[in-house]
Structure formats: C-alpha cells, structure tokens
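*Asks:* Listed below are the residues making up each chain.
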Amino acid sequence: MSRVVLRSARRSAVLATAVSLSALALAGCSGSNDSGGASDTASGGSLKGQTITVYSGQHEQTVSALVKDFQARTGIKANVRSGDEAELANQILTEGPASPADVFFAENPPALTTLENKGLLAKVNAATLATVPSADSSAKGDWVGVSAREAAFVYDTGKLKAAQLPAGVKDLAGPAWKGKLGIAPSETDFTPIVTRMIRTAGEAGAKSWLAGLKANSKVYGSNEDLVAAVNRGEVEGGVIDHYYWYRLRDEQGAAHIHSALGYFAQGDPGALVDVSGAAVLSHGKHQAAAQAFLAYLTGKPAQQIIATSESYEYPLAAGVKNSKVSRALTASGPVVRAGDLGDGKDALQLLQTVGLL
Amino acid sequence: MRTLRTAPGPLPLVAGLVALLVASPLVFVGLQAAQAGGDTAHRLLARPVVGTLLWHTVALTTVVTAGTLVLGFTAAYLVERTDLPARRAWTVALAMPLAVPEFVHGYSWVSLFPWVQGYWGAVLVMTSSLYPLVFLPVAATLRHADAAAEEVARSLGRGRLATLWRVTLPLTRPALAGGALLVSLYLLGEYGAFAMLRYTTFATAIYNEFQTSFDMASASLLTLTLVGLALLLVTLDARAARRGRVVREGTTGRGCAPVALGHWKPVAAGALAAVVGVTLGVPVFALVHWLVRGSSTTLPSASIVTETATTLGYALTAAALATAAAVPVALYSWRRPTRLARTVERAAYLTRALPGIAVALSVVYFAIRYAQPLYQQPSLLVAGYVVLFFPLALTSVRASLAHVPHGVEDVARSLGVRRILVLGRVTLPLILPGLGAAFAMVTLTASTELTATLLLRPTGTETLATQFWVYTTGLSYGAAAPYAAVMVALSVPAVLILTRRTLGTRATAPREN
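In order, the protein sequence lines correspond to chains A and B.
In terms of the numbering used here, the first sequence has 208 at position 208, counting the first letter as 1, and numbering is strictly consecutive.
Residues are numbered in the numbering used here as their position in the second sequence, beginning at 1, plus a constant of 357.
It should be emphasised that the hints constitute simulated quantities derived from the structure, not laboratory data.
There could be a bad hint or two in this list.
Unchecked claim - Part of the chain A face toward chain B, derived, beta carbon under 8 Å:
no.: 1; residue: Ser82
no.: 2; residue: Asn90
no.: 3; residue: Thr114
no.: 4; residue: Val219
no.: 5; residue: Arg232
no.: 6; residue: Leu348
no.: 7; residue: Leu357
To be verified - Covered stretches of chain A (chain B as the covering partner; in silico rule of three or more C-beta atoms under 8 Å from a C-beta of chain B):
no.: 8; stretch: 92-102
no.: 9; stretch: 185-192
no.: 10; stretch: 223-230
On a predicted model such as this, the values are computed, not experimentally measured, just so you know.
Backbone N, C-alpha and C define an ideal beta-carbon position, used for all residues, glycine too.
Go ahead and model the full structure; you've got the sequences and the hints to work with.
*Replies:* As structure tokens, this is what we get:
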C-alpha cells in the first residue's frame with residue numbers, strides 16, 4: 001500500500017505544475033463575464049485530446065451538462081459512467097489498481113472515505129481544495145467537496161401543519177409518530193444521520209432511537225419511493241434529502257403536490273448538511289486531466305451549472321447561490337465534516353442490530 | 358448400443374467448460390465470503406433480521422411458485438385441451454406479460470394502487486409476471502404430446518377429472534418442474550420489484566449490504582446462504598424431473614379431441630379474461646398513464662434510437678451464444694445421466710438465484726484479472742448476459758430434449774452417420790423449437806436487464822434499461838416512460854416468437870375435422 005501511495009505522490013508531484021497552471025487558466029476564464037467556450041488553456045494544451053473516465057453517482061443530467069462544458073473549455077474528453085454511487089464504489093474496489101476510472105464523483109462522503117481508507121485515492125491539488133471551504137473536503141485532502149444537500153422532513157400538508165413538525169429528528173421515535181412515518185434506511189443518505197445520532201446520543205441512545213423509529217415507520221426502498229408515498233398520503237412524513245422533493249415537484253407538477261419540506265433545528269443530528277465530492281483515483285492513467293476535471297468542478301462555471309440545474313443541490317464555491325431552492329444553505333448551519341461521518345460502518349452495524357437492514 | 362453412447366467425444370469437455378464458466382460467479386462469491394472472519398460471519402448471520410428474511414423468502418417462493426403452477430397449468434389446459442374459442446389469441450395474450458420487465462410490473466402496480474405492497478403485493482405482482490414461465494412449456498407439452506394415453510383413459514371410463522389427474526398432469530410434470538424451477542430461482546434473485554413493493558427478501562438484503570457497507574465479504578456471506586436455498590430447489594427439481602421423464606416413442610403425435618366445457622365455457626373465458634386483465638392490462642394502462650401524465654414527458658430524445666439498437670445488439674448476441682452454450686450441457690446430461698452430468702447441469706442453474714449485482718461483480722473480478730483488454734467492452738457485457746441467462750436457455754433446450762426418444766442418435770450412428778452429422782441432421786432439428794424458445798427467452802430477458810448492465814456496459818453507452826433507470830432515479834417517471842414502452846414493444850416480437858416456437862403447429866389436426 002505504501003508503495004502505491006509513494007508512486008502516486010511522485011506522479012502527482014511531477015504533474016502538479018501543469019495542473020495547477022491549467023486550474024489557474026480555468027479560474028481565469030471563469031473570472032471573465034463571458035468565458036467563450038473552448039479556451040486555449042496554455043498549459044491545458046498538453047491535456048487537450050486526452051480522455052478521462054469518470055465514474056459518477058451524481059444526478060445524470062447535471063453531470064452531462066458539466067462534462068459538456070468541461071470538454072468545450074479544456075478540450076479534454078470525459079467518458080461518464082453513471083450509476084449508483086455504492087455500486088460504482090464496489091466496482092472500483094473490485095477492479096482494484098486495474099480500474100479504468102480516473103475520477104470518482106460520489107453523492108456522499110462515506111463512499112469516498114471508503115476508497116480513501118483503502119488507499120485508492122490520489123491527493124487533490126491544493127488550488128482545487130482552496131476553492132471550497134476546508135470543512136467540505138476530506139481532511140487528508142484525498143477528495144474535494146463539490147456541492148451540498150441537506151436532510152429535510154417532508155410532510156403531507158393535508159395531515160400536518162408546519163407548527164406540528166418535530167423540532168428534532170429524535171422526536172420521531174416517540175409514540176406520537178406511531179404509524180405515521182416512512183423511512184428509507186438502505187439509502188446512503190440515511191446512514192450519516194444515524195452516525196450523527198451515535199455521536200450525540202451515544203451508541204445505546206442511538207440504538208433505542210432507531211428501535212423507536214422502526215416501530216413507528218413503514219420502510220421504503222429508496223428516497224424516491226418515500227417522497228412519492230408522502231405526497232400521495234400513504235404516510236404523514238419522512239426524512240429525505242431536500243432535492244428529492246423538488247424533483248418530485250418538477251415531475252408531477254405543482255398542482256399534484258400535497259407535501260412540503262420542513263427542517264430540523266440547527267445543531268440537531270437531523271439538520272444535516274452533507275457534501276457530494278469528487279476524487280482522483282491514484283491508479284488512473286490521466287492524473288493531470290483528472291485533476292483538471294476536479295479543478296473545473298469547483299470553479300465558478302461548473303458551480304453555476306450546479307446552482308441552476310435540476311439536481312437542486314447547493315453549490316459550494318463562494319459567491320455562487322442556488323436560486324432554485326427556496327431556502328439558503330446558510331440557514332441550515334455548517335456542513336458536517338467528513339471526518340465526523342467516517343465510512344459509516346458503526347451506523348450500519350447499528351441498523352443491522354435493530355433489524356432495519 | 359452402449360459402445361456407441363460411451364464413445365469418448367468432445368462433448369463432456371465442452372459441457373464441463375461451459376458449466377465452469379457459468380458457475381464462476383459461485384467461485385467468486387465463495388472466495389469473497391471466505392474473507393469474512395468467523396466473527397463477522399456470526400454477527401451477520403445471527404442478526405434478528407436474517408430469520409425474517411429467510412421466512413419472507415421461503416414464504417414468498419412457496420406461494421408464488423404454487424400460484425404460477427396452478428395458474429399456468431389451468432390456463433394451458435383450458436387453451437389446449439378444451440373447446441374454448443380463439444385459443445390462438447388466448448395463448449398470445451397469456452404469454453404477453455413476459456414482455457413486461459418485472460420492475461415495470463412492480464412500478465405499474467405501486468403507482469396505480471399504492472396499497473399493493475408487502476407480502477400479498479409481492480405475491481400478486483410476481484405471480485402475474487412469472488406465470489407465463491409455466492404456462493408456455495405446459496401448453497407446448499400438451500400440444501405436442503400424443504393424445505393416445507388420454508383417449509385410452511377416457512375410453513376406459515375414467516372421468517374427465519380422473520384423466521386430468523392421472524394422465525394429463527403426469528404428462529406435463531417435466532414442464533411443470535422446469536417452470537417451477539425457473540420461477541423459484543427468479544424469485545430468489547429478484548431485487549427491483551421487491552424494492553418497489555417494500556418486501557424484504559435475501560436478495561434485497563444482499564443488495565442493501567453491497568450498497569451500504571461497501572463490504573463484499575459480508576454481502577457474499579449472505580449470498581452463499583441464498584445459494585444454499587437455490588441448491589435445495591435444484592435438488593427438488595431434479596427429483597421431480599427424474600420421476601417424470603416423458604418420452605414419446607411414437608412418431609406421430611395426434612391431437613386430442615377437445616373436452617367440451619358446456620355451461621362452463623363463459624366461466625372459463627371470463628376467468629382467463631380476468632387473468633389477462635390483471636397481468637397485462639395493469640402494466641399497459643400504467644405505461645399509458647405515465648406517458649400522458651408525467652410533466653417531464655418530452656419527445657424521446659434522438660438517443661432512444663441508438664439505445665434501442667445497442668440494446669438489441671447485445672440481447673441478440675447474448676441469446677445466440679447462450680443458446681449455443683446450452684446445447685452441449687443439455688445434450689451431455691441427456692445422453693449420459695451420470696452424477697457428474699447432473700452436477701454440471703445443476704451448477705449452471707444455481708447462478709440464476711444469485712442477485713444480478715453479485716454476478717456482475719464476479720464478472721468484473723475475473724475480467725479485470727484474466728481478460729483485461731475485454732474489460733468494459735461490449736463482449737464482456739455479452740459474456741455477463743450469457744452467464745446470467747444461461748439457465749433460461751438450458752431449461753428450454755432440456756425440455757425439448759425430454760421429448761426426443763433416446764435411441765434416435767444411436768440408430769443414426771449405427772447407420773454409419775458421423776457423430777457431428779448426427780447432431781446436425783438428427784438431434785438439432787428435433788429440438789429446434791426448444792432452441793427457438795431459448796433464443797427468444799434470452800433475448801427478451803437480456804433486453805431488459807439492469808443491474809449487471811450498469812456494471813458491465815462499456816463506459817458511455819446506455820441501454821434502454823439503464824436510461825429508464827437514470828430517469829426513474831431522478832424521479833422523472835414521464836421521461837422514463839418512453840424507454841419502458843420501447844422495452845415492452847421490443848419484447849413483443851420475442852414473446853410472439855416464443856409462443857409460436859414453443860407451441861409450433863399442432864402435431865396433426867384435431868380429430869373433429
């Protein structure tokens with residue numbers, strides 16, 4: 001493993017200059033008001049015509065818009081392999097050093113942390129890491145945060161008033177919610193909440209909370225199923241990531257929406273702002289081009305695309321706002337540090353112990 | 358005779374090789390599971406949820422398999438042995454639910470009737486999507502079987518029911534056993550439909566394990582438990598099949614005089630109409646409903662043409678290869694019913710019960726180590742399909758071999774025809790309908806495959822199923838609908854071929870002519 005790390009460190013040292021130059025060039029063109037398509041990217045010239053492979057667990061339509069723009073700006077082609085982030089992470093783990101992937105673009109930190117712990121990720125260029133707040137990326141610098149989503153409580157507006165919403169996610173295990181909730185415990189978005197519960201209430205506290213939640217809830221296979229079930233009145237509420245509701249609204253049209261989003265109080269384990277991030281695979285054959293892609297993702301043009309896309313995520317770069325989401329990210333409190341979420345193993349074991357998985 | 362049959366040939370070698378290839382996912386799962394320590398194994402398998410999963414899986418498999426047997430046999434009997442009108446139309450309509458992928462079946466029900474969920478929801482949806490797997494082989498057997506036995510039974514004064522029970526049912530036992538095996542193995546490995554119906558089985562738990570823990574060892578441990586269940590099923594099937602080896606030694610099968618339904622005719626027709634309405638009407642209605650209702654519905658993008666071509670190309674190639682690969686294995690176990698031959702055949706079936714993700718990851722594992730230039734190339738995806746769907750092909754080929762008299766090859770060879778020519782001139786033509794059925798069956802299933810496709814497809818290519826998945830995970834059901842519709846439309850010809858090839862033409866015209 002150490003040899004792997006050394007080799008990738010050396011390689012990235014060699015490539016660092018070229019890449020940070022290209023990152024600068026990108027930052028340069030994003031600074032101008034109209035960044036007119038294919039830039040010459042002086043140092044990017046050597047990368048032009050290269051093709052990188054991106055394993056992406058992110059919203060597909062948004063990623064394809066990003067890749068198109070990236071290609072136009074840098075001349076680097078990106079082949080995107082879209083899939084479920086967990087499936088893709090498993091695929092990378094199975095492929096090992098022979099993986100054709102250059103970049104892994106995930107939805108949640110635990111998927112990235114798992115690969116980081118296996119020594120499969122290369123260090124992200126310092127210039128790229130500097131474009132987003134330091135709490136939004138890996139503490140070791142192995143992956144960079146790109147966008148954020150937050151946990152929210154979706155509820156049936158026919159059955160609940162905003163005043164009746166729970167203040168904290170802890171309340172949901174109480175008897176008042178019996179038979180009224182839906183949860184999707186197998187979703188990778190759910191594990192971070194459990195992890196945070198373990199941090200705040202201890203293992204025993206988190207366990208009894210989960211047991212209560214289980215007793216109160218119907219279990220759904222995915223957040224998509226859960227949000228749709230709340231909207232048609234099957235259950236009164238459930239915890240999801242905020243964007244699922246916006247996508248449902250787009251799909252069904254505002255006239256068919258009988259639900260709304262509520263939020264937990266700041267500091268609550270359920271008031272969770274979680275990042276999506278991207279990493280360069282240490283065995284990837286196109287390190288410089290892969291680093292250029294990460295630099296692009298955190299740069300203004302890409303963040304602007306994310307802010308206005310149908311994925312309804314929050315951009316992380318300073319000065320870019322998402323106007324499509326009714327609540328500002330600042331209302332939700334700080335992004336949870338990736339280190340605090342770990343690889344999610346404790347939460348998983350707890351979910352298995354109580355029988356939710 | 359004996360010397361002819363046991364003469365050494367390439368067949369055992371080829372059959373063994375195919376079985377080895379097809380069973381490679383089992384090797385992978387075993388290797389991975391071995392990496393979980395005793396503690397992990399104990400922690401995982403002693404979970405409270407494992408008992409529940411076991412119970413769910415067994416309860417569902419038993420009831421759905423029984424349901425498909427009853428429904429499939431009854432429908433086949435009504436269509437083939439009674440004077441019900443429009444039997445051709447009925448046959449096609451009853452086979453057609455096969456054209457709808459299970460996950461589309463699942464979504465159709467859930468989206469229209471939210472109360473369809475849990476155990477009875479799963480029973481309803483899975484029975485309605487899987488019963489054609491029993492109906493088609495049973496109908497084929499009834500159509501091709503010589504009617505003499507049934508006529509004799511009735512002429513000896515046996516009642517209709519007694520004849521049905523003592524003669525007709527045993528006649529179809531291999532078809533029933535084959536269908537039941539396929540249905541139950543499908544149920545063990547199915548994920549998508551159960552996830553939508555909120556019913557947890559071993560397969561959904563394994564999928565969750567892969568998804569949430571990124572730990573192949575523990576997921577593989579659960580998978581091995583599932584393989585244990587599958588082994589049980591395959592053994593049961595082998596017993597049933599052995600007891601009911603049907604060989605029609607006569608060369609001219611004659612059609613049977615149809616049983617007159619009398620007053621029961623409208624009842625029977627009504628019941629069949631209800632079955633078609635539930636199993637086919639619901640998904641078709643839901644599909645139309647999505648197309649009209651979803652606000653994200655736009656004209657399908659130009660890419661739908663490319664994706665259709667890609668999907669078809671992969672599915673047809675996989676079907677041809679899987680069918681070709683099934684022939685030596687089926688022939689080997691048919692000609693030489695030895696213990697080894699049976700083992701080879703059963704190993705091939707076991708992979709059918711593996712969740713798609715386990716099979717896909719094993720293909721990734723072996724390809725990246727031993728066939729890296731092929732990795733994420735179209736040929737590898739095709740190979741994955743062949744591994745996944747080989748059992749479907751094998752069942753069809755095996756079923757058609759069951760009706761070939763044992764001595765024909767020997768006779769041909771004793772007349773001085775060379776082995777390879779015997780195969781081409783005698784054996785293959787006899788099992789041609791079975792080959793056609795195998796081909797159509799694999800085409801149909803492969804063109805809607807999702808899990809393995811996501812992991813094995815060449816980067817940048819999409820199939821109809823992966824595109825459907827992209828939109829449904831983005832909650833764009835309207836945008837997803839055209840892809841589902843094309844998948845169903847593409848499957849219709851395969852089902853038609855399957856129906857025609859399986860049933861063929863009646864051996865001779867019915868007697869009443």
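*Asks:* Each hint should be assessed against the structure and marked as holding or not.
*Replies:* Here is what the structure says about each hint:
no. : hint    : in the structure
1   : Ser82   : holds (6 Å)
2   : Asn90   : holds (6 Å)
3   : Thr114  : holds (5 Å)
4   : Val219  : holds (6 Å)
5   : Arg232  : holds (6 Å)
6   : Leu348  : holds (5 Å)
7   : Leu357  : holds (5 Å)
8   : 92-102  : holds (count 7)
9   : 185-192 : holds (count 3)
10  : 223-230 : holds (count 5)
Checked against the numbered hints given earlier, the structure satisfies every one of them.
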